[in-house]
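Just so you know, the sequences run in chain order Z and F.
Add 295 to a position in the first sequence, counting from 1, and you land on the number used in the working numbering.
Add 1294 to a position in the second sequence, counting from 1, and you land on the number used in the working numbering.
Hints may be right or wrong, so weigh each one.
If you want a taste of the chain Z side facing chain F, the calculated C-beta under 7 Å gives, among others [stated by the list, open to error]:
(1) LYS549
(2) PRO560
(3) ASN655
(4) GLN747
(5) ALA750
(6) ILE751
(7) ASP787
(8) MET872
(9) GLN875
(10) VAL884
(11) GLY888
(12) PRO901
No wet-lab data here; the hints were simulated from the structure.
All C-beta atoms in this analysis are idealised placements derived from N, C-alpha and C, irrespective of residue type, glycine included.
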Amino acid sequence: MERKDSNTDMNRRKFLTRAAVVGTATPVMLRNTDAATTASLPEEIVRRPSARAPNAKVAAAETETPQEPNYANGRPGSDFMVDVIKTLDIKYMPSNPASSFRGLHESLIDYGGNKQPEFLTCMHEESAVGMAHGYFKVSGKPLLTLCHGTVGLQHAAMAIYNAWCDRVPVLVVGGNDLDAATRPPGVPTIHSAQDINALVRDFTKWDDTPVSAQHFAQSFVRMYKIATTPPYGPVMMSLDAGLQQEPIRENGVKLYIPRFVPSSPPQGDSGAVKEAARLLARAERPVIVVDRAARTANGIKLLVELAETLQAPVVDMGGRMNFPKTHSLSRPANIIGQADVVIGMELSDFWGVVNSYIDNGDNGVGFNESKIKSSTKLISINSVELNTKANYQDFQRFLTIDVSMPADAEATLPALIDAVKSAIPDGRSAAISKRGDAIRRAHAEARENVKQAAAIAWDASPISTARLVMETWAQIKDLDWSLVSTAGNVSDWPNRLWPMEQHYHWLGGSGGYGVGYGAPASIGAALANRDLGRFSVSIQSDGDLMYAPGVLWTAARHRIPLLAVMHNNRGYHQEVMHIQRVANFRDRVAYLGEDLAPVGTSIQNPDIEYHKLAESMGWWAKGPIKHPGDLGPAIKEAVAVVQSGQPALLNVWTQPR
Amino acid sequence: MSNGPVIFFRRCVTLITVAAVASIIHADRILANEAMFAGSAERGKVAFVKHGCWQCHGFEGQGSVATSNCAVLAPNPASFETFASFVRSTNRSMPAYREAILSNADLADIYVFLQSIPETPNYRNIPLLNR
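Same shape as in the complex, but just chain Z (with noise of 0.2 Å):
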């Protein structure tokens, strides 16, 4: 719809217009008003204006200092982009205040009420967008973030990039100041650009520049549906400071506000899913591997129902909580090699799941092995494959697949499973079962294994991963618990120990493994988790808190309760090992300086105090704790005021993995 105004004052389209026009032409147009020079020319080369002369009022907008245009004639654009953003039902918005959204901001909290979305302070845009990606894992819900067009969107880009890596919905709006002869000169100019989009379009699924208040209203009900249709991902939306500010115009043409209506997942073909189905159903040893295959509490049934109508092995790579750990069907990866038949749901990287990679060959390049036999045939239903982009690497090695599903997995799986059912022939029923109680007595097995691997060093100094993970476990296993992140690696013990069930007990990591995600993510995901009365934990690393520990006083400050035990190994601990790796090709004794691991990848020398750090911004706090007998007498405790609604951190001492 095109913007009319009817009044004499200058609108700001038409200014652009006008002022790009004349800008060209004023050079032109003062050279042929100067009589003395032009009447010596022939008339030929007498060079005619392409436009008419400003009047005086244009003019005066181009040399004179630009004022503040009067916005205060009537409802502000803003207003109505409230009222937009209200209809989708965005219950937070955490972000770091900007001018060049401080229209959007002041209808938020005044028009708005500051509810539906309530505004959660930050002290950075990478945590705003991490909180906003662990709400989403949780709640199944996508949040609205706003940040400062240039300086605020490139400190966020690198949650962007693990939202759209981990396949989260997040709304960015980027304030974008483009009018450049009305924007206040100085800062505000240095933060504006051309195409604030362009920094993060590699890594979302889709972005806008609106241009009316009515563009706003299409555009952002856009947004928000293709965010969260499967493949769900990030969008960007730059949204001038303008067009918040300035009044609404409707010249008779009545803004409206597009009702949504959520897109089905898209559901694999039924040629192919009846080929899978074949293949699986007549399969000796049929694997199936999942990532992000359970989008909601409704996969993991569904997952279940497929593995125990084949009685096949289940190997989760741990991107969601797809499947009962507690199940008898749920099996270590090493198990791939065996099948003849595999189905990946949702991988993030089939290759490596049939394939290994050792990092130890010469000259830095790799040994590449496969897993599985040639005549193993390979079944995928992925939704990223609708949704791939060039630069970004995050699709992985090329992988010829026999069954190549691009399509959502939990939307394709009941038809999946009515399939095999009707494809398993006559007289297999015997030999399918007899596959479940040999996959049953190995799971029984690893389990003792895992809990006498567990036992090693159980009493050392610093603290083991096993016991730091289970003294935790023993304080929450009777709450209704959530383990929001486990940033740092401490060996899988939670999934290898912890009897995960429900979707919430488990959701995957940050998609991009952009270090800094566990901290914001954890916080976020503990916000939704607080609203449905459950109790979070995290296992929080050193390395990953330090990258924006701001994060601790928005906790505080929204009293958002979390537990977060400290996987405080005091370094970049894959760097550690990195280099460790490298002097060995080498032949050359890795250099530590004072410290225990190699230079520049130790967090020691001083050993960071975090306990005083998040005490400093309102937490709970505790340590360093490095004895395992205080542990526990520490964790019930911290339980006891995260319980008051307060959050909590231990500061551990503990093992490198």
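Once you've looked at the hints, dock chain F against the given chain Z.
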């Protein structure tokens, strides 16, 4: 032409080679055992940290997801020969420690340190693991 002398010569060469290899292995074993018996658990603990073994294996040799299938080094490490051979050449997942960066003496000390780590209790006797 008869092949008899050629076959006899080849057999002699084979026997001499086998004997030489056996004596080298035997000598290596003697050296290895001597080095091991001269080892010190105290020095080995320091060397275990200094050479970065703890990074993947933990300070108690308990292993982690960074070691193949969470393999553990201690307690009850493999024989010294197997251990030493693995450290020098590895299974490719672990970076090799050649003599240029880890002396035989340090290697023996590390082995003795791993041997000194006490037996792990049965998990059934640990209440937190027996629920």
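Hints violated by the structure (listed by number, smallest first): 1, 2, 11 and 12
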